[in-house]
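*Asks:* Chains as they are written, first to last, in this note's numbering: chain A, 79 to 399; chain B, 468 to 818; chain C, 68 to 390.
Derived by calculation from the structure, the hints in this document are not laboratory data.
Check the hints yourself; a few may be wrong.
List time: in silico BS3-like cross-link candidates among lysine-lysine, alpha-carbon distance up to 27 Å [claimed, not checked]:
(1) B:578 / A:304
(2) A:304 / B:636
(3) C:312 / C:335
(4) B:636 / B:613
(5) C:266 / C:214
(6) C:266 / C:312
(7) B:480 / B:565
(8) B:507 / A:304
(9) A:304 / B:613
(10) B:565 / B:490
(11) B:480 / B:490
(12) B:490 / B:507
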Amino acid sequence: MGKPASLQAVHIPLHRRAIDALRRAADGDVFYSFIHSPVTVAATAVTLLIILSAVLAPWIAPQDPFDMASLDLMDAHTPPSWMADGNPKYLLGTDDQGRDVLSTILYGSRISLEVGFLSVIFSMVLGVGLGIVSGYAGGWLDAVIMRIAEIQISFPAILIALLTDGILRTVIPEARAEELALTVLIFSIGISGWVQYARTVRSSTMVERNREYVQAARVIGIHPVKIMLRHILPNVMGPVLVIATIHLAVAIITEATLSFLGVGVPPTEPSLGTLIRIGNDYLFSGEWWITIFPSAALAILVLAVNLLGDWMRDALNPKLR
Amino acid sequence: MSTSGAPQTSGGKDILLRVRGLKRYFDVSQPLLNRLLEGKPRQILRAVSGINFDIQRGHTFALVGESGCGKSTVANLVVGLYRPTAGTIEFDGQDLAKLQRRSELAAIRRKMAMIFQDPYASLNPRWRVFNIISEPIRAFGLLDDKQAIIDRTAQLLTQVGLSPQDGQKYPHEFSGGQRQRISIARALASDPQFIVCDEPTSALDVSVQAQILNLMSELQQRLGLSYLFISHDLAVVRHMADRIGVMYLGRLCESAPADTLFENPRHPYTRLLLDTIPDIEMTGRKRVPVAGEIPNPIDPPTGCAFHPRCPRVTDVCRRERPHLRPVADGIMVACHAVDAPDHLSGSQAAG
Amino acid sequence: MSEPLLNVAHLRIEFNTRRGTLVAVDDISFDVMPGEVFGVVGESGAGKSLTGQAIIGLLEPPGRIAAGEIRLDGRRIDNLPYGQMRRLRGRQIGMIFQDPLTSLNPLYTVGRQLVETIQTHTSMNHEEARRRAVALLEDVGIPAADKRIDHYPHQFSGGMRQRVVIALALCANPRLVIADEPTTALDVSIQAQIILLLKQLCEQYDTAVILITHDMGVIAEISDRVAVMYAGRIVEIGGVREVVKNARHPYARGLMGAIPSLHRRVEKLNQIDGSMPRLTEIPSGCAFHPRCPQAFERCRRERPDLVRVGESQVACWLYGRTS
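This is chain A alone, in the form it adopts within the complex (with noise of 0.2 Å):
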C-alpha cells in the first residue's frame, strides 16, 4: 500500500521543488521585511550593479587600462568630459598614464571584489570548521582555539593582516613575488577575520550539540564529524552568513588600505586602493579626479553592502542586533 504512494512523495520533480521553494521564499517574512525596506533594495540594487559592472569590465568598459599598446600618453591627465579641457571619449577623464578613470575603476573594483569575496570565504571556512570543532568538542582543543583567537583579537585586524602580508612577502622567493601578490593578499586578509565567525559559529554550536536531535544522531553512533557537518553546520549558517555580508565590506576596505599602503596589489593590476593612492599624488596639482571617482567607488560599494548586511543581521537574527 505504502509503494507507489511513497514513490510519487519521493520524487518531486527538482523543477516544482524550485518553484515551491521560490512560493515559500516570496511568502515568508524575511521577503516581506526586504520589500518593505527602500533602502535595502536600493542597496542590493547598487551592489548587484557594482558587481555586475565589475564582472563584465572587459565587455563594458571604454578601454582596456592594461593593454598598454592601447593607451596614448598624450591623454594624460585629461579632465571629465563635461569640463573645459575635457574629452568625451574619457567620461571621468584619465590619469597620469592616459588611462580612462571609467575603465581603471570598473577593473580594479573587479580586483577589490575578487580579493574581498575570496579573502571573505577563506576567513569563513576557517573560521566556522574552528568553531564548529570548537563548539563541538570542547575541552583543551576549545581552550587551545579559543585563546589564539582572544590574543588575536586584542590586535586590530589590520595589523593582523600587515604583519601576515610583511611576513609572507619576506619568505616567498623574489621571482615569484608579483604572481603571489594576490594570493598573499587574500591569505592575509583571510587570516585577519576568521575569529568572529569562530567564535559565533561555537557559541551556536555549543546550543545546538546539546539539543535532542545531535543527541538522537549520537545514540546510532553517527561519526563526530558527519554530525558536525550534516547535523550542526546547516543550523548554524544563519549568523554566518549575516557576519560575511558585512565582513566583505571590511574585507573590501582592508584590501584598499593596504593597496593604499603600497603593500597590496602590484600596481600593474591596480584595484580601487591602488588607484586611490597613485591618485593621491595628483590631489594637490588639480587633478582631483584620478583619486575622487575611485574613492567615491569604493565608498558606494562600501556603504552598499554594509548596509545590505544590517538589513540581513535584523531581518535573520534579531538576537545579534
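Could you slot chains B and C onto chain A? The hints should help.
*Replies:* What follows is chains B and C alone, placed relative to chain A:
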C-alpha cells in the same frame, strides 16, 4: 549482590538489560585558575550514585522522580551518550563497556533506540522527515537499495499513524504530537528490541499524550519491545510500567511492580509522592504536601538523602545510608524504617 | 446569588497579521464570583492565557480586544487608559506567572520589590511597608522571613520563588488574582505545596482566583467552577465536580478520559484523534467537529452557543435548545 555469572536468566526471567552499581559523577568545579585563586575545592555532582535494576524482555521498567534525581542521566548512560563513572550495563548478556570494536558496538546499538522529551528539539529542523527517519537505516547499513529504504520509511510512517507522503515535509509543518510520532518512527527504523523513552509525553497536551501512550503500548505488543520509561508523571508511569523504580538524589529508594507500588508504597518518599499528586478523582483524601525542598545534589544530606523531609526520620537515618534490599517478593526498599522479613534479608537481590 | 466580581462578555481577541486577521479568542463569556476559584483549562493554543492577559490589560500587540466587554465590579476595564489600568493592576487584580524567575527582577532584593509594590498601591511609609512585606512572606510560608527579605531572587529555590511571586501578587490585597500555569515549572512535591498555599491564602484574603492551567489535576484540586476552552472558545462551564466527573461536551469528556488514572490501570487510554487546529485553519461550525466522534451535519455548518444542561453550560449540538 552479584555482578557476575550467567546474565541470561535470573530466577527464570529473561533479562534484556541488567544494570549494576551504575554511577555517574560530573565535575562541576570552577575552572582551575578560579579554584586556585579563590581557594575553592573541587565540586563533584553525583548525578547517579550506584543503582541496580533489571529489565525483562518485553516489559516496561519506569524510573520516576523529581528534577535532579538522576533519572535522565540513567537514560543517557544506558544508550551510551555518557560513559559510566563506575558500574556495568549489560544488554542481552553483553557488557557494553567491554565492546571495543566499532562493528560490535554498532550491532548492539541498532538494537537500542531512544525517544526524547522535546518534539521540537529532537528533529533536525533542516532535514526532511524522510531523511530523519531513514538516518538509522543508512547509518547501520541495514538496507542498501534506495527503493528499499523508501519502502521501509513509508512503512514506518504508516506504522506510527502518519502517511508516506509526510516524508517530504519538514518538521515545522507538524504539530507536537505528530513530531513525537516521527521521533518514534525514527526509533523503530533500526528494528530495535529496546527503547529508552526520556519523558516522551511531558511536552505534549493531555489528549495528544493519550495518543502517543496508546501508540507506544500498541507497538510494544506488536513488536515485542522493551522500554525503559523515564517520567516525573506518576499517573503516566502507572499506565505504562510493569515495574517502577523511584529515584531520589541519584539513588533508587524503592523498586516494585507497578500495581504493588501504587497500592502499597513502602518508602516514605514514595508514599508522600503519591499523596501529593493533584488528584482528578477527588477522592476527598486529605493531602499532606511533602515538607521542604529537594536538597542540592552537589551537597546531599548525610545518611539517607531523604531524611530532612522524612516524617519517620530517626537518628540512624542521619548517620547511615540505607541500602536497597528486598522486603517482600519482588519489592526492594532503601529505608531504615521499613522492616525486612527474616527470610528475605539474606536472599539475593534481583530487580 | 451575589453580584459577580468579574464579568467577561462576548470577548474576542484578534491578531492582525499581514496574512489577515486571526481570531484567537472567539466570543467567550463568563462570570467570576467574589472569593471563588475559577479554573480555565485547555490545551496549548486554546486561548486561555490570552484571556488572562486581556483581563489584566497585558495583551501584547499585535493581539487586541476586538469585541466584548470586561467588567470588574460592574465597571468596564477593557477600555481603560494605560495609566488607570496600571493602577488597577496590582491593587485590584494581581498576576502570578508560570515562571517565577522572569516575574522577579534579579537585580533587586525581594524585599525591595515587595516594599516598592506595596508603596505604589498604599499610603504606607517605608517602615510600615517593610513590616507588611515580612508579614506577607511569613504568610506564604517562607521561613525566617525577616532575614530572607533581603535576599535576591536567585538565592531562593524554584518553589520559594513562586511563593515570593504569590506574596507580590497579594501585597495590595487585590480582589482578583490571575494565576497563569502557576505550578507548571515546579516539581510534583512542590506543586502541591503551592496549590494548597494559593487556595488557603485566597480564602484568608477573600480573593477570587482565575486559575489558568492545562493540568486537570490542579483544577480538580482547588477550583470551585471550571471553564473548558477549545480553539478559542468555551465549550463547557460548570461546577468542578460536575465537569470532571460528568463532562457533557465530547471534548471535555475526551479530555477527562485521556488522563491516565492513578487508581486503575486500563488497557487503552481514551484518545481524541488529531490535534487542536491552528488559528489559520479553524474549522467551520463547531471547531471540534473534525475530531468529534459524535459529529453530525449541523456541527459542520453552525456554531453552537453555550446552553444550560443540568448544572453546567455546554456548547454542543448534542444538547438541544431546551430550557
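*Asks:* If a hint holds in the structure, say so; if it doesn't, say that too.
*Replies:* How the hints compare with the structure:
no.: 1; hint: B:578 / A:304; verdict: 22 Å, holds
no.: 2; hint: A:304 / B:636; verdict: 23 Å, holds
no.: 3; hint: C:312 / C:335; verdict: 19 Å, holds
no.: 4; hint: B:636 / B:613; verdict: 19 Å, holds
no.: 5; hint: C:266 / C:214; verdict: 26 Å, holds
no.: 6; hint: C:266 / C:312; verdict: 21 Å, holds
no.: 7; hint: B:480 / B:565; verdict: 24 Å, holds
no.: 8; hint: B:507 / A:304; verdict: 39 Å, violated
no.: 9; hint: A:304 / B:613; verdict: 20 Å, holds
no.: 10; hint: B:565 / B:490; verdict: 17 Å, holds
no.: 11; hint: B:480 / B:490; verdict: 25 Å, holds
no.: 12; hint: B:490 / B:507; verdict: 25 Å, holds
Checked against the numbered hints above, the structure violates only hint 8.
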